[in-house]
Each structure stands twice: as C-alpha cells, then as structure tokens.
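**Student:** Here's the letter readout for the chains.
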Amino acid sequence: MQETVADSAKGATANEVSPRGSERRKLLAAPRASGGWRLGDWPAAWLLIAPVIVLFGIAVVFPLIDTIRLSFFDIKGLAKPKYIGIGNYLKLFADPAFRNTLTTTLIFTLATTAISVTLGWLLAMLCAFAPRRTLVFRVMIFAAFGISEAVAGYMWIGIFRPDAGGLLNTVIGLFSPGFSHPWLGDPNTALWALIVAASWGGVGLPLMLCFASVQAIPRTVLEAAYLDGARPGQIMASIMMPLSLPGVRVAIFINLLGALRAFDIIYIITGGGPVRATETVGYFMYRESMTQFKLGYGAAATVVLLAAVLVISVPAIIQRTAGAR
Amino acid sequence: MTMSAPKPGIRRRGLLAGAGLALLLSAAPSFAQDLSGELVILQWQGGTDAELWQKLEADFIAKHPGVSIRELNITAQGDARGGIRTALLGGETVDLIINTWPAFRKEMADAGILRPIDQQWTDNGWDKVLDQSWKDLGSTDGVTYGIQYTYGDRSGIWYKTSQLEKAGVAVPKTWEEFTAAIATLKAAGYATPIPMPGKYWAHGEWFETLLLRTGGVEAAAKLAAHEIPWTDEVVKTTLKKYAELLKAGCCGTPEQMFAGDWDWSADQIFKADAGNFLLIGMWMNARALNDYKLKEGVDYNIFQFPALGLGHDDTSSVDAKELLATANGANPAAADAFMGYMVSADATKILASYGYASPSKNADPALLGPAQQTATAAVAASKVQFVLGDLLPGDLVDEYRVQLQKFLQDPSDANIDAVTAAIEAKAADAY
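Taken in order, these protein sequences are the chains called A and B. Under my numbering, the first residue of the first sequence carries the number 1, and numbering increases by one thereafter. Under my numbering, the first residue of the second sequence carries the number 1001, and numbering increases by one thereafter.
None of these hints come from the bench; they were simulated from the model. Be careful, since some hints might not be right.
Pairs of lysine-lysine, DSSO-like flavour, derived with a Cα cap of 27 Å [as the list claims (entries may be wrong)]:
#1 91/A with 1406/B
#2 1426/B with 91/A
#3 1295/B with 1321/B
Partial list, derived from the structure: chain A residues whose beta carbon lies under 8 Å from chain B [stated by the list, open to error]:
#4 77
#5 81
#6 82
#7 164
#8 168
#9 171
#10 185
#11 276
The structure presented is a predicted model; accordingly, all values stated were derived computationally and were not measured. We treat Cβ as the ideally placed atom computed from N, Cα and C, and that holds for glycine.
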C-alpha cells in the first residue's frame, strides 16, 4: 500500500515536470515560439539510433543473412555456386569429422569454462580478503586475458614441447629423470593441453567479475558476520560466494561463448590435430571455408555454431535484462 | 626426364580464347615491343623467396625501364590458395599469378581466370628452352597456361654427413641397405633415425615416393585422377612398404611423429643431432645454408630415394612453380615478357644464387651447389610425377593426410584396409 502511494506520488511529480502521452506529443510536435520544430520522442529516438542500426545492419545482419544464404549453395573453390537447398546441412550431420568436432567442442567448452571460472572465482574470494595487497597479483592474472591468443599459443607450444627442453617435461623430469612426453602429439593429451592453455587465458575475466561482485557486498553484512563470530572460511562459503553469484553467471556466460568460438589458440597450438583430436566446430568451419574453400559447407557449419551460441546467449540475455524497463 | 600429366581433350573455351588472343596479337604486331605500364604480380611467398622475387623484378625492370611492377601480397600460413581465391573473388586484378598446384590451375582455368599461352609459347620460341614435358606440366585440358620457372626434387633424402660417417653407414642405394642403415644408426644411439614429421602433411612424402617406386608414374597419375581406387593393391603394397620402415623402429612412437612438422624434424637432425634422415623438398637446402649455417655437400648432403626393386626405381616425385597469365590483366604484353624473362639465362642465374634449379635450357647447372646438383641430376634421369598431394582435390587431400596419420598409429594390414577404404569413401565424393 505504501509502495502504491509512493509510486502515485512519484508519478504525479513526474507528470508535473514532464507531461506524458498525447499531451506531451502535442506539445513536442507544436511549432516553437522561434518558428522551429521540435521532434517527437519516437522520431528523435529513431534518429539517434539510426546510425547504430545502419552499422549493425552492415556489419552483423547482412553478413549473417549472406552466410545463411551461402549455406544453401554448393561452392567449391572458384566454381560457380550451385543451389542445393539443405544439402550442406544433411551432409554436415552425416560427416563423421563434423560429428567428432561436436564432441570435441562440447568437451573443450565445458572444461575450459569450468576450469577458468572456478579458478577465477576462488582467486577472487581469496583476493577479497586483502584487496590492496593482492592488486599486483590480480593485474598479473588479468594480463593473461589481454595477451593475444597467437602469442599465448606459441608460449604454450614451448611449454608442451615434446623433448626434454619443453618446460613441462623439464619440471616433471626433476622428479622423474629422463621423462619426456609429446603432449601435443598424443591424441589423448593434446585436447587437455589445449584446454589448460585456453583456461589459463580465461581465468582473468572471471577473477575480475567475481572480485567486483564481492566488492559490491555491503560492508555491514561482512562486519555483522565477523561480530557474530564467523570464521573467514564460513564468511567465504556463506556470504561471499552466494552473493558473488551474479558475477559468476556473467563469467560463465562470457567464457562459454568464448570457448565455443575458440579458433586462434587451436590454430596455433595443434592445427586441429593430431588425427583431428582437437578440431572444434570453429576450427572445422575455418578448415572447410578457408583451406578447402567450400564456402557453402563452411557456412552451414557457421550457422550450426551460431545456433549453439544463440542457445546459450539468448536465455542468458533474457535473464540478465528481465528486470530492465 | 619424362613427365606424367593427364591430357584430356582441349576445351572449346580454351580454343576460343586462344584464337581470340592470336587474332589480337596478329592485329597488333608492335604489341610486345612497346613495354610500359604497371605489371601486377600476385605474390604469396615470404622470407627468402620474397627476397628472390624482389631481385628478379628489379632485374626485369632494369631491362624494361618503362615497366613498373607491383606485387599484390597475399599473407598466408600454410596453404596460400585460400588467400589467392579470396583476392580474386574480391575483385583484385593482376597480370600474373605464381602457382605451384596443378589442381588449382585447373580450378582457375575452369573459372575463366587464366589466359592461354599456347600462341606465346610458339611466338617466343619457349619450346627451345623448355622441354615438352614442362609444357605438358603447365597445361590443363590440353591448353597451356603456365610457364614453369623452377622445380625441386621431392624424392631426395637429406642427411648430415658426420652422423653417417661416425656410425660407419654408407649412403644407402637399395631398400635393404636403407633398412639396415636404420638398424645400424639405432644401434649407434639414434632412437629415431627418421624423425617423422607427422603433424600436418610431411608424413605423406614417404607415401608418395614409395607409391611411385611401387606402381610407377602411371599408377600415381591414375590415383591422382581417381582412375584407380584407393583400395587398389598398389596403394596397399605401398603402405606395407611404409609399414616395414615403421616396424623397423625408424620413427619413434606415433605421438612423437604427430608432435612436429618438417622444420622440427630438420632441427632434430641438423641441430640436435638426434635423427638422421629427412625426406623433404629442396627448400631444406635454404634452411641448412641460412639457418644452420652448414656447408652444402660437406656438412650435409642428399641422396635419391633407395631402390625398391619393384621395377619403378627410375621414378621421382617433383614439385614446380609456374607463372600464370590472367585473362583480365591490364598489361598482357608485360606479363608475356616477364614470363619469357623467367626462363632467360639472367633469371636462372638469380634463381641458382638462391639455390633453386630451373627447367630452362638457359640455366647453367654448374651454378648450383653439390646437393642441388645431385638432386637435379637425379630428376633429369627419372620419370617424374608431380607431388600427389598437390594434384588431389582439396577436399580429399585433407582426409588423405589424416588417414595416413591413422596408418602411422597402426601400420597393421587390417588398418591398411581401413585407411584405404576411408580415403576411397572420401574420394568417391570429391571428384
């Protein structure tokens, strides 16, 4: 009841300051005393948003529609396109190489997201206990997020080198002399090596997002918990972790999308091999479109990837913007 | 040297284009003399090769001061065809395209991008400097499009001389000697005498020369054109020969093979002293000279693939680079002049200074280094076949390389059947 009264009061005040509805439209459309015209709300809104819509149309909508169009054609190299309807999609799902990429993409996406978000979240919790003293540490972790994936890729190739000169083999060799394993050459370890490399670059963002969420927790809540005798572990588990969940959700969303579309790091580190063990949908799309130049087939793979991205992102966007007016 | 290349009938479009061009040239006899304007070359090579091209272009301009040359550079890692296609489909207009893939030449010819050069070949007397086999190699469906300016042996095995000397191994001439050399080198402490570069494509080199030595150029040409299936006995016999090497412990575990590309293998032999033999193209020469600072013929050398004794030991795999003229180039006269220049004595001299052999009769073999001379002589004495991987449709070549990786994982007879069946299944859809 109180809220209703308060809202009414707010509405009345707002109406007094800025008339609404037909009255306002009349007022805005009326000739000004100086002889000029004022634009109405809607025309003004469209005018302001038009440049963005035009740019969005050129940069996103047109390529998207064109990609969907291309996916219905058989295009091989420089030959003339041939309309084949849903032929590319039928071929795609019958292609064992593509089916293999779906499994690989799923493993890569879920593992990379799980590792990077969990690590980022835990580090954020720990950093939150001493924000000032962990500033340099946080910057260092976040810096990995800003490093080009190509550069990071070459760095990880050095770490996973198959001989004793590789950093990982050297470290393991300290405990097990003579140890040497071709991490990137072994189909059983190549994907996990790639996941580790991609997760390393992905920890920075969850760390910052979760840290920001923890920082937003009212100080009084934490102080009350301390006064009630809660230990740091309890505060972390019962207050900081639950209240930082909005940040975790955003981090999961962003990392999922990033992992789903991953290409650079795979291209640099493994090239999709060995024996296609690290070929994700994103890499498959590149191989078919740019190496084989089967643009129609590659476009069909792109549309499938787009659909996967939409399945993840649309519910997340709806959920994130549900409260907005 | 005899070159194996498919020669189907001449296409009507090619004939019409050739006739039209001949008419144009006869109506303008002074066309070739008045060289001026800009010549645009589509260039996709980097590093030393790019430097070589700068020298060639500068020398051409010195001879034709009225011409300026602009390179349209395609940046590509690995296969440059994607970048070239993008440039051409994007509307870029060039006069000349550097090409090394016969299958790609056909693709461009079928798309009407290339200009036939049969008339120029006759008018400029190129048949006096290039054998018919080179002309055939530059032809698609009976129409000549390319002029070959360099070639390389792809059946030569590189080695470090000191390693073989220390182990008491003579350069092997037969398959038996080669497998015995592997055993001796292993006993001398080399765990992987052949550090097989199985990461991307280079493991196919062994298959391709073994195929030639097993079935001859005819079988290899038929396989490239899918006139025989991949399940043919000649392919299976080739893989069984390949398996002999693997079973002799030549190359380490499949995981080790998949871990590196050819440059990794080269490092293992020439830098780390951890391996002995590398079957790869003539670009290895430039790496040995420039990167490892080794002396050609002294520190390292090359020997031709050992004889299998199956009746086809006079065969070698080769690669080549050619220049293609485009149908819509703005300066066809300069393009033709440049093509002629590339087989001239001056151009072959520059090519030789970078370690590249030329098929031109104007080339002086004495300018080449010892390893290059060995390879050139071997190719000259061989029936040659173009690199199989460059002849296969793009869709198939990828599957072929992946299936060969699966073969490296398990070289058993049962898996040879599975691998050949998988390549054949893809081939059935790719042609």
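**Student:** Now tell me, hint by hint, if it's right for this structure.
**Tutor:** Do the hints match the structure? See the list:
no.: 1; hint: 91/A with 1406/B; verdict: 23 Å, holds
no.: 2; hint: 1426/B with 91/A; verdict: 12 Å, holds
no.: 3; hint: 1295/B with 1321/B; verdict: 26 Å, holds
no.: 4; hint: 77; verdict: 5 Å, holds
no.: 5; hint: 81; verdict: 11 Å, violated
no.: 6; hint: 82; verdict: 14 Å, violated
no.: 7; hint: 164; verdict: 10 Å, violated
no.: 8; hint: 168; verdict: 13 Å, violated
no.: 9; hint: 171; verdict: 18 Å, violated
no.: 10; hint: 185; verdict: 3 Å, holds
no.: 11; hint: 276; verdict: 6 Å, holds
Of the numbered hints stated above, those contradicted by the structure are hints 5, 6, 7, 8, 9, listed in ascending order.
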